[in-house]
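*Asks:* The lines below spell out each chain.
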Amino acid sequence: MVSSAANLAAVLVLAPLLLGVINRTKSLVAGRTGPPLLQAYFDLAKLLRKGFVVSGTTTWIFLAGPVLSVAAPFVAALLLPLGGRPALLSFTGDMLLFVGAFGLARFFVSAAALDTGSPFEGMGAAREVTFSALAEPALLFGMLALTRLSGSLTLTGMLDLRAAAAWQKASASIVLVLASWFIVLLAENARVPFDDPNTHLELTMVHEVMVLDHAGPAFGFILYGTALKLAVFETLIVTLLVPFRSSSAALDLAVFAAGLVGVSVVVGLVESSMARLRFVRVPQLLVTATLLAGFAVVLVLRVP
Amino acid sequence: MTSLALLAVASGLVAFSGFPGLLLRAGSGTAQRIATGLHVLGCTIGTGAAAWALASESVTARFAWTLPGGSVTFSLDRLSGFFLVPVFVVSGLGSIYGEGYWAESRHPGNGRKLRVFYGLVTGSLALVMAAGDAWAFLAGWEIVSLAAFFLITTDQNDEQALRAGWIYLVAAHVGTLILFAMFTLLRDATGGWLLVPSAALGSSALLPPILVLALAGFGLKAGVIPLHIWLPDAHAAAPSHVSALLSGVVLKLGIYGLVRVLWMLPAYPAWLGLALVALGISSGVLGVVLALAQHDLKRLLAYHSIENIGIILIGLGVGALGVAQGRLDWAVLGFAGGLLHVWNHAAFKSLLFYAAGAVIHETGTREIDAMGGLLRRMRFTGAAFLVGAVAICGLPPLNGFVSEWLISLGSFRALTSGGGDVGTLGAAAGAPALALIGALAVACFVKAYSVVFLGSPRSAGAAGDVADASPSMRVAMGGLALACAAIGFWPSGATRLSRIAAEGLVPGGVGTHAGADMGTLGGIPLLLLGFLAALMAAVLAWTRPAIRTTTWDCGYAAGSPRIQYTSSSFAQMLVGLFRWAVMPDEHRPRLSGPFPAAGSRFESHAPDPVLDRFLLPALSRGRSLLGLARAIQAGRIQAYLLYIVVTLLILLAWSAVW
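One line per chain: the protein sequences are A and B, in this order. Mind the numbering: the first sequence is residues 1 to 304 in the working numbering, read in order. Mind the numbering: the second sequence is residues 1001 to 1658 in the working numbering, read in order.
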């Protein structure tokens, strides 16, 4: 319990660092120096101290967006086993709350975008709800496959494959789930090839443009929420990939943190090596992710 | 005194609540108050009777009757009680809503008619659900169908409403005809008209046709795709509290009938569960996709009813597959989730129709793209619609999440120890399908809520003098919003009740341990809400005082409300992905030159793919063929008498020869 709480605190504190890791990877590949690793912390500190400018068109919904964009990944982090320790909040069926929490956030973030009455933000919101709708079944198929392998109906149980037996008998399925979830991670966190987090031009108007009108502390909340959401989705992948655990909580946490940094580097390498997809291609990639995970379910059905 | 007698008193009161008003003059507010008073009294007693039935063993009463069958039987058990609760709650709140929404002083021409049939529908719904044999069932069914026709055509001068009414009437009677065939076969298989669990049914060769006919007949009432043809127009044309009753309660009559037939089975064939899941997934996904393409607020809500019927069927299918495999743990989860969704849909869909009615009442249009910015002037209605929207998307912490959580959990349970066959896979498909449906519903309700209530007004109607809903309308909306919140925050109570109702669907009953998972949600939604509230308060404190300015416009200061994203542009990508199912009508003007001619407007509409694209063209082609038969239909009574005599002679000759 204590080490679970400590790991949660570590994730909450270290999440913005992952944004820095991605940016540093990209700048190294591009041969630039790039922003400091801690840039996201500097941005947060600056934003939270600022005043608040708000459009006269908006209502209280406009503030609910930033609140939910922090709350959802926080609840998700509560439900996840972090650093090889069981989740703080774990109950039968908690994976559905994991999905539901992000759905609630999506509802209010998109509604907040449309609350401004700006066509840019409407465009972003429309794309966000479209892509996420296609990504969600992939997440669920992956969870079904892991439930079959682990016999568990909690995130802690199904992600905890350290017995390594699961890897031996169904490695193909786990790899398929990992591939599918990595695509979901890129889509849900508005990374290349789905979105370009560095711009909010019309061509790439998805996530960044939805929050165009948020300023000051509200935007700080959104920035922190983005970082935490990335950490949460990377946790899904790292926990599956590291199928062992030591007796030392500190060592496990170190391995886990290294895993998060590693996945961030991979995300950075993906962003460096490819361009954003055309929007007509995006649904195809997401359907591919769903099919990969669905294939994993069919495979594990035959595992004794 | 039994629960059945109490129900009889309640349904009598409700059914005749509108009649005293007929003796008073049109336009009399007293007539409406009498009707509402009797209706609410009856619904209160009825809710009590339903709760009593849910808490006790079944009660049966038989009366001698000279009509076919020799007697008529009524029976009230837990399953009936479970379905009766939303009937009385929604109908009662709807009549309170009607005080403000369809005030007699503003609708002297049809207010009394509306209340007579509103009461009749509610009373006869109780009759169907308390029916113990096929005769009582069909009698009640027919009264509901006919009375609903008069409710849909409340505004008898509205051409659209009349068209919707006729289509509904034809569909309803095709459905009744199918049910006549179904009940006749059922009698052959069980040996009587009584609706009781029958062991003979399991081995009967008639079982597959009975189940297919039940799926068709009840599916037509429930609006399962592709049998939903009557539904969108009928729900859109009726007054809003009638739409709420039709969508929240009358559709569930189809589900009730189906569930009642399942309850009679001694064992479930495996194909039944697969068929239910397949029908559920197709109705769920296509329903929400068709909803996305709509820009008429009430048609949009109507298509969402199809989606939610799909979710209920997925739940029942997961349950049926569980029973077929002898795996009661997920059978109970599927059934309980499907049944609880009956309650939940009644609550949030009626709430959405009430709120939509208030909006349409104020703006004078059903066109979503003509609204906008209403939240600041309709705070209560906007908040109520938001509660309904979050609930219908199946999002925590409201009630839609609880029932979809149960069904999905059933899907996951199927994988923990079920076999590796197609039945397990079918049950497992429920969870990802629900995720897709839920995520598409989020897209649809972000669109509906934001375009109607947020942003700036898009038309003079929305920008003009708009006031919030009247107190009576607020009472109805508030009551349903509380119901959504109560089931969401305190899931263990509702899940326990739905488990009690679901027990009847598992032949041989369920053990004490099956469905033990159901309580695990516990107080978590409440915890989440507390956390959210604290966070929201913190942000509010932090961001105050704020500087108010305009929305960022890239320096282009002449933006008008028309630059906002519309409902069609918001849904354009998703509708494009599902173009093969939606088949939208798009009018793209040919643009030429640097300054295209004025009046070049893009328009898109989404007529119903089954009704408008397939059925009506096919029928009109069929009509010209049938014109040939008109030659013998001269309209002269002598000719018809001749036909009858000739037919009788042929039949006599036939019987003499054979």
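The set of hints was computed from the structure by calculation and includes no laboratory data. None of the values given here were measured: they were computed from a predicted structure. Ideal Cβ placement from N, Cα and C applies to all residues, glycine included. One should not assume that every hint holds.
[Said to hold, decoys possible] Negatives, chain B to chain A, calculated, CB over 12 Å:
hint, residue
1, Gly-1037
2, Val-1451
3, Trp-1552
4, Leu-1628
[Said to hold, decoys possible] Simulated DEER-style distance windows between Cβ atoms:
hint, chain 1, residue 1, chain 2, residue 2, range
5, A, Val-298, B, Arg-1496, 30 to 40 Å
6, A, Leu-251, B, Leu-1526, 34 to 44 Å
7, A, Gly-31, B, Leu-1526, 48 to 58 Å
8, B, Pro-1507, A, Val-2, 28 to 38 Å
9, A, Ser-273, B, Arg-1496, 31 to 41 Å
10, A, Ala-5, B, Arg-1588, 42 to 52 Å
11, A, Val-298, B, Ala-1055, 57 to 67 Å
12, B, Arg-1562, A, Met-274, 36 to 46 Å
13, A, Met-274, B, Ser-1417, 37 to 47 Å
14, A, Val-2, B, Thr-1044, 32 to 42 Å
*Asks:* Taking the shortest Cβ-to-Cβ distance between Val-1451/B and chain A, state whether it exceeds 12 Å.
*Replies:* 7 Å, violated
*Asks:* Is the Cβ of Leu-1628/B farther than 12 Å from every Cβ of chain A?
*Replies:* Holds: least Cβ distance 50 Å, greater than 12 Å.
*Asks:* Is the Cβ of Trp-1552/B farther than 12 Å from every Cβ of chain A?
*Replies:* 5 Å, violated
*Asks:* With 32 to 42 Å as the target window, see if Val-2/A and Thr-1044/B comply at their CB atoms.
*Replies:* With a Cβ separation near 53 Å, Val-2/A and Thr-1044/B fall outside 32 to 42 Å, so the hint is violated.
*Asks:* Do Gly-31/A and Leu-1526/B keep their Cβ atoms within the hinted range of 48 to 58 Å?
*Replies:* Once the Cβ atoms are compared, 53 Å apart, the range 48 to 58 Å for Leu-1526/B and Gly-31/A holds.
*Asks:* Taking the Cβ atom of Ala-5/A and the Cβ atom of Arg-1588/B, is their distance within the range 42 to 52 Å?
*Replies:* With a Cβ separation near 59 Å, Ala-5/A and Arg-1588/B fall outside 42 to 52 Å, so the hint is violated.
*Asks:* Can the suggested window of 36 to 46 Å be confirmed for the beta-carbon pair Arg-1562/B and Met-274/A?
*Replies:* 38 Å, holds
*Asks:* Using the C-beta atoms of Val-298/A and Arg-1496/B, is the stated range 30 to 40 Å upheld?
*Replies:* 36 Å, holds
*Asks:* Between Val-298/A and Ala-1055/B, does the C-beta distance stay in 57 to 67 Å?
*Replies:* Violated - the Cβ-Cβ distance for Val-298/A and Ala-1055/B, about 44 Å, lies outside 57 to 67 Å.
*Asks:* Given the hint of 37 to 47 Å, check if Met-274/A and Ser-1417/B actually sit that far apart at their C-beta atoms.
*Replies:* 42 Å, holds
*Asks:* Please test the hint of 31 to 41 Å on the beta carbon pair from Ser-273/A and Arg-1496/B.
*Replies:* Violated: the Cβ-Cβ distance is about 55 Å, outside 31 to 41 Å.
*Asks:* Far enough from chain A: is every CB of that chain over 12 Å from the CB of Gly-1037/B?
*Replies:* 38 Å, holds
In terms of the numbered hints stated before, the structure departs from hints 2, 3, 8, 9, 10, 11 and 14, listed from lowest to highest.
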